[in-house]
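Q: Sequence:
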Amino acid sequence: MEKKQVPVQKNQTITLDFEDITHEGNGVGKLDGYPLFVPYALPGEKGKVKVIKVKKNFAIGKLLDIEETSNERVEPPCNVYYQCGGCQLQHMSYSMQSEMKRNQVINTLKKIGHIEDVTVHPTIGMDDPWRYRNKVQIPVAERNGKLITGFYRKKSHEIIDDMDRCIITSEVNDRMVEAVRSIADRLGIPAYDEKSHRGILRHIMVRTGEATNETMIVIVTRTAELPYKKELIKALHETYPHVKSIVQNINKERTNVILGKETKVLWGEKYIYDKIGDIKFAISGKSFYQVNPTQTKKLYDTALEYANLTGGETVIDAYCGIGTISLFLAQKAKKVYGVEIVPEAISDAKENAKLNNIDNAEFFVGQAEKIMPWWTSQGLKPDVIVVDPPRKGCDQALLEAMIAMEPKRIVYVSCNPSTLARDLHILENGGYETKQVQPVDMFPQTSHVECVSQLVYTGK
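Residues in the sequence shown are numbered consecutively from 0, following this note's numbering.
Bear in mind the hints are in silico, worked out from the structure with no lab data behind them.
Among these hints, one or two may not hold up.
Straight-line distance between alpha carbons at most 30 Å, and here's what the computed DSS-like set of lysine-lysine pairs gives [unchecked claim]:
#1 K260 to K233
#2 K334 to K380
#3 K145 to K260
#4 K61 to K154
Derived CB-CB ranges, DEER-like [stated by the list, open to error]:
#5 G430 to E268: 44 to 50 Å
#6 K434 to K296: 20 to 26 Å
#7 E23 to H113: 20 to 26 Å
#8 E261 to V364: 47 to 53 Å
#9 K296 to F363: 22 to 28 Å
Think of the CB as a built atom: it goes at the ideal place given N, C-alpha and C, for glycine as much as any other residue.
Can you build the whole structure from these sequences, using the hints too?
A: The following block contains the structure:
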């Protein structure tokens, strides 16, 4: 059998009509059925493309010029958008972003999960899809004898020049990063150098409560000692009264992981507070807390609606984190059991239950797939299971434990449509039917999409 020739060569320049878009936001054009993926190109456009990588089944191209422009193309408002890579969709209208994300969910459910006959609702978007992030983590470096801060260039560890803002991050957080950098620069605190593993200041992290306007500054250092600590603290809390907490995180390792194991409060409180709906949350430096509270409220309201609670139900919340979904569920359920493998998260969850005077939610440290069978052996039979796993999805053992418990409903919150589709397929084989899926745009201007799925037990 004759081997089919690839119709393009590396460094070749071609003109391409774009007919589709990938889930990452890359335009798709074809030559004799051979696909080329081109960042920043949109369906309906024609453009000049340089081929930069050739594989057997596809090629990657660089967009050189647009000859025919889509009506959905917009001018990115960020001056470093094409350098940064933190956002992938700023060149695309927001309505197209929302439709693209819904189509991604539909296509992934069909292709990976073999689930076609299910309602996938239009994406729940934002009225203002900018300045939504309540947390920012910015690396620090030195250039020409001065401290600089900013995100890395795409596929590098080089900080982008002239980056003084991020327009998907709250303006307060932008200002606080700039304040820490300029004060540290004036005091002569040296930046960390990852090549030599010397220096001190690695990252500046800022968290702000959207509902409370309380701010926490986390200074990530290589060393336990922070020079000019008193002067830095004084300058920050005296100049910015909304700063409630200044924390040092110590990361001595040679690693790309931002936070180290040791955290200590330098000034102020251990926690700042925020509210989602009627529930108040205490947030520490290392707490997992959703970065977009406006959309989190919509996400959790959907999860609550899909749980369909009437007040008499027993609910299990697997991967409960600091209890965010658990406490929402506890408002409508008889009893909620939360389980999470991270001990610090469970401590936070218990504190958050106390903070809100919620006494019908209990939290346990451990692996859900091991604890849930033990609960079954103790006679615990949940009416509803809610699961919100990390990007890798649920462990096979957890899915089997959920199926064995036979709850009437499962609510699956996911940040990865591919692992969601895989897991829904397993749950459907275990006697469940996926009734509806609601995409929620938690991260506008990026290719990420969150989903809430409702499954109902139909019997094996």
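Q: Does K154 lie within 30 Å of K61 when you go C-alpha to C-alpha?
A: Roughly 15 Å separates the two Cα atoms, so the pair holds.
Q: Compare the distance between the alpha carbons of K334 and K380 with 30 Å, and conclude whether the hinted pair is satisfied.
A: 11 Å, holds
Q: Holds or violated: K145 with K260, Cα cutoff 30 Å?
A: Cα-Cα ~29 Å, so holds.
Q: Regarding the pair K260 and K233, is the alpha-carbon distance no greater than 30 Å?
A: Holds, because 26 Å separates the two Cα atoms, which is no more than 30 Å.
Q: For the range 44 to 50 Å, tell me whether the beta carbons of G430 and E268 fit it or not.
A: Once the Cβ atoms are compared, 48 Å apart, the range 44 to 50 Å for E268 and G430 holds.
Q: So the hint says 20 to 26 Å: do the beta-carbon atoms of E23 and H113 match that?
A: 23 Å, holds
Q: Is 47 to 53 Å respected by the C-beta to C-beta distance linking E261 and V364?
A: Given about 20 Å between the Cβ atoms, the range is violated.
Q: Do the beta carbons of K434 and K296 sit within 20 to 26 Å of each other?
A: 22 Å, holds
Q: That 22 to 28 Å hint for K296 and F363 (C-beta), does it hold up?
A: Holds, at about 26 Å.
Checked against the numbered hints listed earlier, the structure breaks hint 8 alone; every other hint is satisfied.
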